[in-house]
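Colleague: The listed protein sequences derive, respectively, from chains A and B.
Each residue of the first sequence is one higher than the one before, counting from 0 in numbering that gives the first Met the number 0.
Each residue of the second sequence is one higher than the one before, counting from 0 in numbering that gives the first Met the number 0.
It should be emphasised that the hints constitute simulated quantities derived from the structure, not laboratory data.
This one's a predicted model, so the numbers in the text were calculated from it and none came from an experiment.
Careful: at least some of the hints might be erroneous.
Partial list, computed: chain A residues near chain B (C-beta under 7 angstroms) [unchecked claim]:
no.	residue
1	F17
2	R167
3	K180
4	P185
We put the CB at the ideal spot given by N, CA and C, even for glycine.
Each chain, written out:
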Amino acid sequence: MQHPRNTPRSWLSAKLPFATGALVVVGLALVGSSCNLDPVNRAAVNALGPERDDLYLPESEFHRPGEPCATCHSSAGPADSQFVLGGTIFWGPRNYDRRVDGAYVRIKDARKTTKCFVTNCNGNFFVRPEEFEKLTFPLLVSVERTQDPYNSNSPRLAFKEMGGHIGREASCATCHILGLKDFGSPGQIYLFADEAQVDQAKVPVTVPCPNPDKPTIVRCPEDRL
Amino acid sequence: MSATKLAVRVGAALAVTAFVASGVVALTASTTSCASSPDTDRITAVIQPDYESYRLHVDRYLNRRCGTLDCHGQPGRAYRMYGREGFRLYTVADGGLISGVQPSTPEETLANFQAIVGLEPEEMSRTMALANDPDLQEAEGLKRLIFIRKPLRLERHKGGPAMAEDDPGYRCVRAWLAIPTVRPDGSPIPPDQRQKMSPLAIANCQQAESFP
């Protein structure tokens, strides 16, 4: 005779609470992994609006120039890749369409480690955690653009050094707010003080971006072999 | 029901009602009688640190170290700083001040000073009351200030360690707060009779403001 505790029915009733609990945990994990549970970050991501596929290749390294990268590209954000720093360089203080390709963004951290990154054809640059290990805030930043970024010995066309430092923010555009130059934002990051100077300098603008005929520059002169 | 039982029940009901009513009356009386109308003439005196030394030597360091737009140069901070490279003091009169453009204004320096003092006015008073004994002040006063505790990481600071006890910035701030602004008897020392920061302390401030 089978003991009552060993019948299939009693076994099921004994395991049912555990099975239900496990299902709830798995369900929560699935929901948590697929959705952004941070309401502040979620609101910030939503506020960015949809991608503009008429201006750039969506969800590529060229997308959303001038927008705060780390809103999405951080542990709180929905992007797959994370950045410890990222931003966009513009030629002038107002024109959104003139962005600087091949600019050298030099970053010196609190440990006095200096690394250089290059903007792509849409003016974007970004630093992944593995590209600047132990990055320690605050940071000093300068931006240089030579006349011909493909040539390591090309003379300087424009140079700008940040007046202050970056205290702890990963997105340049959090403070350098696109289209807003006022008491709380110095506006987009630019190399020439006004657009007339940009006209005079006859700066190159890479069109189309990406341009299949022009290889992407990924290293600053000091990092080239 | 007998007359006796009825009387007991009525008596009990009356007693409960009276108890509740007295409680309500007491609660009402206690809440209404304790609330006096605000005294608009009342002020809380704060023993403030020396403003002149702050203006000349300390503000530039604190502004440069703490006042960037991604740290204390933003409206969300209790300790809010204004200055050229960060957040600008916005008033109707000088609404044209733009971050990173015009030099810092005297009004911004004053606002920064007020932000430090207003952060914990009572603790600042206690700390400044000890300024006649700098060792005692450092031991018992300075590290009660949240403005010191946070950058030294004695308390959680989102911006990480912003000062260390052996760095010129901390020495600059310590020397500034060690200038007595009241006498031991509590009477105020007029600004023109106060001690000045030593050349060494000024050199520390200058070194600190060249950060990083």
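Colleague: Now, for every hint given, state plainly whether the structure supports it.
Modeller: Results for each hint:
1. The closest approach between the C-beta of F17 of chain A and any C-beta of chain B is roughly 39 angstroms, which is over the 7 angstroms cut-off, so the hint fails.
2. The closest approach between the C-beta of R167 of chain A and any C-beta of chain B is roughly 6 angstroms, which is under the 7 angstroms cut-off, so the hint is satisfied.
3. For the restraint placing K180 of chain A at the interface with chain B, the shortest Cβ-Cβ distance is roughly 6 angstroms, inside the 7 angstroms limit, so the hint holds.
4. At a threshold of 7 angstroms, the smallest CB-CB gap from P185 of chain A to chain B is about 4 angstroms, leaving the interface hint in force.
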